[in-house]
Amino acid sequence: MRALLIVWRKELIENFRDRRTLVSALLFGPLFGPFMFAVLIGLLLDKTVTESDQKVELAIAGSAHAPNLVRFLEDHDVAVTRSELDVERARASIRYSTHRLVLLIPEEYPKRLQSGLPAPLKLVSDASDNQTGKYAARIRLLLGVYAGQLGSSRLLARGVSPDVMQPIVVDDIDVSTPAGRALLVLGMMTYFILFAMLMGGLYLAIDATAGERERGSLEPLLTVPVPRETLIYGKVLAACCYMLVSLAVTLIAFEIGLAFVPLEALGMTANFDTVVALKVFLVAAPFVLLGAALMTVVASFTRSYREAQSYLTVVLLVPTLPILFAGLYSLKPSTWLMAIPSLSQHLLMTNLLRDEPLEPLHVLVSVVATLAAGLAMTWIAGRLYQREAILG
Amino acid sequence: MIAIEELHKSFGSVRALKGVSFTAQDGRITGLLGPNGAGKSTTLRTLATLLKPDAGGGRVDGYDILTAPLEVRRRLGVLPHSAGVYPNLSGRENISYFGALHGLGAQLIEQRTEELVTLLEMREFADRRAKGYSQGERLKVAIARALVHSPRNVVLDEPTTGLDVMATRALRGLIRRLREEGHCVLLSSHVMQEVGALCDDVVIIARGVVVAQGTPDEIRQRGGAATLEDAFVSAIGSGEGLE
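Top to bottom, those sequences are chains W and P.
According to the numbering used here, the first sequence holds residues 1 to 392 in order.
According to the numbering used here, the second sequence holds residues 1 to 243 in order.
Source of the hints: derived by calculation from the structure; they are not laboratory data.
Each hint should be verified, as a subset may be incorrect.
[What the hints assert, rightly or not] Derived EDC-like pairs (lysine to aspartate or glutamate); straight-line CA-CA distance at most 16 Å:
# : chain 1 : residue 1 : chain 2 : residue 2
1 : W       : 55        : W       : 74
2 : P       : 18        : P       : 5
3 : P       : 52        : W       : 388
4 : P       : 131       : W       : 18
5 : P       : 131       : P       : 93
6 : W       : 55        : W       : 77
7 : P       : 131       : W       : 14
8 : P       : 52        : P       : 6
9 : P       : 52        : P       : 64
[To be verified] Which stretches of chain P does chain W cover? Using the computed rule of at least three CB atoms under 8 Å from a CB of chain W, they are:
#  : region
10 : 49 to 55
11 : 94 to 101
[To be verified] To give an idea of the chain W side of the interface with chain P (calculated C-beta under 8 Å), a few residues:
#  : residue
12 : 3
13 : 6
14 : 10
15 : 14
16 : 17
17 : 215
18 : 216
19 : 217
20 : 219
21 : 220
22 : 222
23 : 223
24 : 224
25 : 225
26 : 226
27 : 388
These numbers were taken from a predicted model, which means no experiment stands behind them.
Where a beta carbon is used, it is the ideal one built from N, C-alpha and C, also for glycine.
Make a model of the complete structure from these sequences and hints.
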């Protein structure tokens, strides 16, 4: 036990002095996730806002001929600029991007409207421009609504129910937003948390085997009167500590970063506050031992630092698989799913982020199963150190 | 005292050791001499309990390398062929780490480290991180690390490889000093002159078997040769791998 602590302490100190380890464990890993996440959420929200809330800019020529229509458009979040353009000049103004959309109201519009004849309007736009296409569609929709209202009042004036003109009513039920998008985003967020955690122990795991071997310090180390598995347990423990710090830094970064993002728009708990962060920490922490041991086991099969690095990059992807699976099949938390490490952390963290209550049994199963897997993997790492091949 | 008995060891289809036996006495320097690939490192690694022999065994101060590996390690100070140090620790910290792993108390570690820093003339660089050490400096740290627990038996695998003349002289001085203090010193080398100049007893090993052993004079006389080198060549049966 004493030897284990000696190894643990030395690994903590030595790696703390290594700039690469520090940067990747405590800076790059933990901050990359929250940063990416903030950017992605920002883009997502931005898109949502653009689609629904932002005003559409519309230049109207001949607005004097249809004051009611112009008022209707203005009431429906259209930023109207009044101008005096004819068709030719309207085309030119679109081509030179002076305007995005131009609505031309001809002189005969009020006259034809009054006599109950179809009143012509001209909407000039560049359909090849993606963004404009969306705006044009909205204007067309608004014009349709306006026309519908006019039509209804005409029918009413003639004593006919407007329902006659509506043989079918379609109710659009859109289930994709925002909960669906949120699921994707939540999956990413929990993955970033697990990723940062693994990054925290990556270099220690490499150092424990491939690094020591490459430096030529493994052989002298194995000549000390300490059982080999004790040495490796000390190293795994040190990796665990770095991973826990890494996890904590990640969550702090998320807490600070997400304070500026309106999470409720994505169906998540509105405040990712210290209490939630603490709960996420406790739910994710049991995975640390498994992660550290798994990386050590994989690294112990490699012959060089570089080789270990490339293999461990793959290991960093391992926790995504259950998360991907969960996303594909929209898995709901259940007791037996809690027995699967990384998936159970993902599901529990998702619950927490959505401000849903945690099932105590689920937490218990997740913690016990993950720790058991971690202990088993640590034991395997210890066994692997008994092999003569470990000397390289 | 180190006693090796009928060691056999294979790596896959390669038979590295085919029955190696010899003893190294306290207060004497024993040289394990042989061409590259003769099995010197494998022998020393097996002795240091890093490898398990397929057959045969060995004893260090009476402790069996197979049944009491931790006791054996306590009584051995090993300088392996690849003796890397931790680049982010200072020389002194490198030495202390091994002292702690050998179970020494903090005070004793400090005292022993200080002694070794003086003995090996490391004061200039001992408190610097090992990252920028020269090969000689690294080797000094590695030797100090192997001696920190004052082992009765010292095993050095090709200790002078890569050292300059001055460092080699200093190392020889240290090895003789260990002999004066009554230690059992076992070192391997493929450099004839080194073994001839330093060793009290010589064990010549080739292709996994011991082909000759005794004092340098005995080996010379037995082989009917004028020099140890001639005796060596006649013992191993060829001039391969000689320097």
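> Going through the earlier hints one by one, which of them does the structure break, listed in rising order?
Replying inline: none
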